[in-house]
Amino acid sequence: MLKKFTRFLFSREKIQYDVLIVGAGPAGLSAAIRIKELDPNKSVVVIEKSGTLGGHILSGNCFQPTAMNELFPNWEKMENKPPLDTPVSEDHFHILWNEKLSLQIPHMFYPSTIRNHGNYVISLGDLCVWMGEQAQALGVDIFTSTAGARVIFDEKDRVIGVATGDMGIAKNGEKKSNYQEGIDIVANQTILCEGARGSITERVIEKYNLRKDCEPQSYGIGLKEVWEVPPEDFKAGLVQHTVGWPLCRNTYGGSFLYHKNTNQIHLGLVVGLDYENPNLSPYQEFQNLKKHPKISRFLKNGTCISYGARVLNEGGYFSIPKLTFPGGMLAGCSAGFLNVMKIKGSHNAMKSGMLAAETICAKQNVEPGQELVEYENAVKSSWIYDELYRSRNFKGSFKYNIYSGLFYGAFDGFISKGREPWNIKSHVKESESYLTKDKAPQIKYEKPDGKLTFDLLDNLARSGTNHEHDQPAHLKVIKEAGPKESINLYDGPEQRFCPAKVYEFIDTKEGKKLQINAQNCLHCKTCDIKMPKDYIRWTVPEAGGGPNYSGM
Amino acid sequence: MKVLVAVKRVVDSGIKVRVKPDGIDLQGVKMTINPFCEIAVEEAVRLKEKKLIAEIVAVTIGPKQGAESLRHALALGADKAIHVTTEARIDQAVQPLDVANILAKLVERDNYNLVLMGKQSIDDDFNQTGQMLAGLLDWPQATFASNIQITDGIAQVIREIDGGLQTVKFKLPGVITCDLRLNQPRFASVPNIMKAKSKPLETIPLDKLGKLHNSIQITKTEAPAIRKGGAIVENVDVLIQKLRNEAKLF
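The listed protein sequences correspond, in order, to chains D and G.
Residue 1 is where the first sequence starts when you use the working numbering, and the numbers rise one by one after that.
Residue 1 is where the second sequence starts when you use the working numbering, and the numbers rise one by one after that.
FYI, nobody ran anything at the bench for these hints, they're computed from the structure.
Treat each hint with caution, since some may be false.
If we take Cβ atoms under 7 Å as the criterion, some of the chain D residues that face chain G in the derived model are [unchecked claim]:
(1) M167
(2) Q515
(3) S550
Cβ coordinates follow ideal geometry from the N, Cα and C atoms, glycine included.
Please build the complete structure, drawing on both the sequences and the hints.
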């Protein structure tokens with residue numbers, strides 16, 4: 001311990017702040033802004049692994065402005081307004097039976113909790129750019145292309161900051177001519193806002209056993225495209241959700257399709273990662289979805305301009321871990337505040353960031369390594385908890401099939417309203433939910449037509465993803481026998497669940513060998529969750545790499 | 001010795017650009033420092049570290065976001081920066097001869113001994129500005145530099161040319177444009193980014209130094225034609241027939 005501490009004192013370059021925030025998403029930026037509003041003298045730094053603000057943010061997004069109204073009460077009258085320029089005008093819900101037919105559920109049957117009147121269709125990436133400008137104007141230091149590699153502990157095993165990743169290391173591990181050692185950012189409080197399945201967050205959760213008293217987190221993968229369409233196919237503010245086809249009854253998921261100003265359609269498919277058929281490809285299911293008339297009617301004359309993918313939390317209320325640890329706290333999707341029934345989490349992320357800020361500023365003289373348990377109390381007594389508790393049984397009710405879920409959703413929405421005395425927990429460990437390949441039904445996916453449906457690698461170019469190729473693969477194989485077992489038992493589902501074709505099994509003389517195309521990675525974290533035998537750990541690559549989402 | 005390094009802010013090389021009727025769609029697109037300009041900055045910093053030059057001044061022409069490229073240059077090791085401001089589209093309306101004229105004015109104002117720049121920018125690929133600047137100043141030039149040595153006021157530059165490598169030598173002052181293999185730029189470290197914030201940055205409106213004449217007009221911007229799929233042929237005869245009749249090769 002003493003040796004580690006002394007090494008820490010003398011080796012790497014250090015910078016010091018009052019508060020360190022990891023991740024420049026809605027949670028992180030709300031926390032940064034709120035701290036500066038309450039106490040301008042506090043020094044705040046936000047580190048972000050993407051090269052630009054919003055570069056790694058992916059979301060639908062049908063935005064509930066509750067937290068925005070609290071953070072910026074006069075946002076509508078600001079000269080430089082936030083990008084909330086598309087109010088929801090129509091709200092549709094369809095059950096798709098097959099590739100042609102569907103049933104529209106009339107609006108009066110929507111429980112009030114999922115009605116979207118008063119919400120906005122936005123690009124969360126654009127909102128983060130705007131929030132970043134607000135934060136910088138208040139004096140927050142935001143460092144993009146700065147990846148948090150690991151947490152720094154003091155001699156009492158408390159978090160006192162984050163070490164940024166080294167840059168300029170070659171594939172073989174040697175230092176290149178532009179090698180730059182990372183630095184240690186030391187802070188009295190560290191707020192982890194890395195989004196779902198954050199790489200630093202998961203290690204902190206493990207270390208302090210923050211999931212001791214809660215259900216494990218459940219996840220889904222969200223794939224998204226943005227299309228530009230001619231004005232005659234565009235209806236500003238139209239919001240459409242579907243369930244059913246192309247996913248089978250037993251696979252949780254659904255689609256979203258939002259019309260955003262101007263002439264843009266943001267659409268995507270969410271697939272619960274607890275699916276059991278290893279032959280399923282979430283990407284191909286998404287391409288299939290687009291062929292349904294309820295989707296293709298908007299896209300048929302348009303052009304696809306962006307593509308991306310990211311996991312999202314589906315555990316809801318039961319999966320919220322302990323929110324504080326010595327030296328810091330969790331906010332946003334790193335904690336897991338997504339409301340699965342509404343499929344909205346940005347407002348909860350922003351609110352949790354604000355509560356973290358308020359907790360820190362309410363305390364006189366925050367010591368490094370201090371655990372501010374008041375934050376957890378603040379979240380529990382806020383509207384975040386109210387709405388998550390209210391819809392806590394929604395995901396669990398899908399454990400039989402989607403109809404049990406929809407039925408329960410209606411029951412809960414109109415009758416029980418969250419007051420039911422029972423809890424339905426249904427966590428299935430995603431990496432263990434597979435059928436073996438002999439039992440798994442085969443799925444035949446059609447070839448893409450290049451106009452409505454696309455080959456994955458063609459689409460991947462629209463994510464702008466890139467990494468410096470001469471660096472060690474950031475996807476670490478932590479169980480050597482893993483790839484062999486995956487291909488033998490399940491026919492290598494990683495070749496199908498990865499939305500970036502990172503994993504390929506190549507035929508060699510010794511049989512099938514795993515090839516990791518790390519450069520393609522979209523930082524979605526699906527492999528960290530769904531890999532058979534959990535043989536892969538996602539770690540952060542050299543900063544600046546990854547997708548280059550714009551307007552997503 | 002004082003060095004002027006000219007940098008341009010361009011669309012990031014990894015981005016798949018989209019074409020709009022009036023040119024490339026720049027809305028919300030990731031912009032970074034032109035790779036060859038970054039190499040020029042890195043070279044200047046290395047020369048300073050070897051104590052061959054005393055001061056590095058970075059300059060850019062463009063709208064207010066252009067200052068980001070200057071801050072990056074300052075974080076890499078430049079001492080001062082000059083921002084020549086204009087609202088004109090930097091990928092279309094800011095053209096080599098006008099840029100060269102503006103840089104020439106700055107050279108005369110501040111008395112630099114050396115101008116380092118990228119060989120070309122990756123948005124218009126003109127590869128003219130350095131050469132024109134040298135012409136206007138009546139200075140020697142060495143373009144496509146892959147190695148630069150400076151001893152007692154003499155620059156020796158190895159140039160990458162079609163046939164191989166050419167070594168030229170001239171007495172400073174002069175203009176050198178930088179090619180890919182000259183160096184690999186360092187990363188801007190967080191502490192250096194913070195220090196860069198307090199380095200001097202001078203802002204000059206473009207019309208105080210020159211004018212944009214727009215003598216080159218962009219008449220059309222098109223996406224490349226969609227590649228037609230290939231076909232697998234069964235034998236050589238079919239191949240020859242297709243080469244003759246469809247590809248019209250002979």
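Checked hints:
no. : hint : result
1   : M167 : 4 Å, holds
2   : Q515 : 22 Å, violated
3   : S550 : 4 Å, holds
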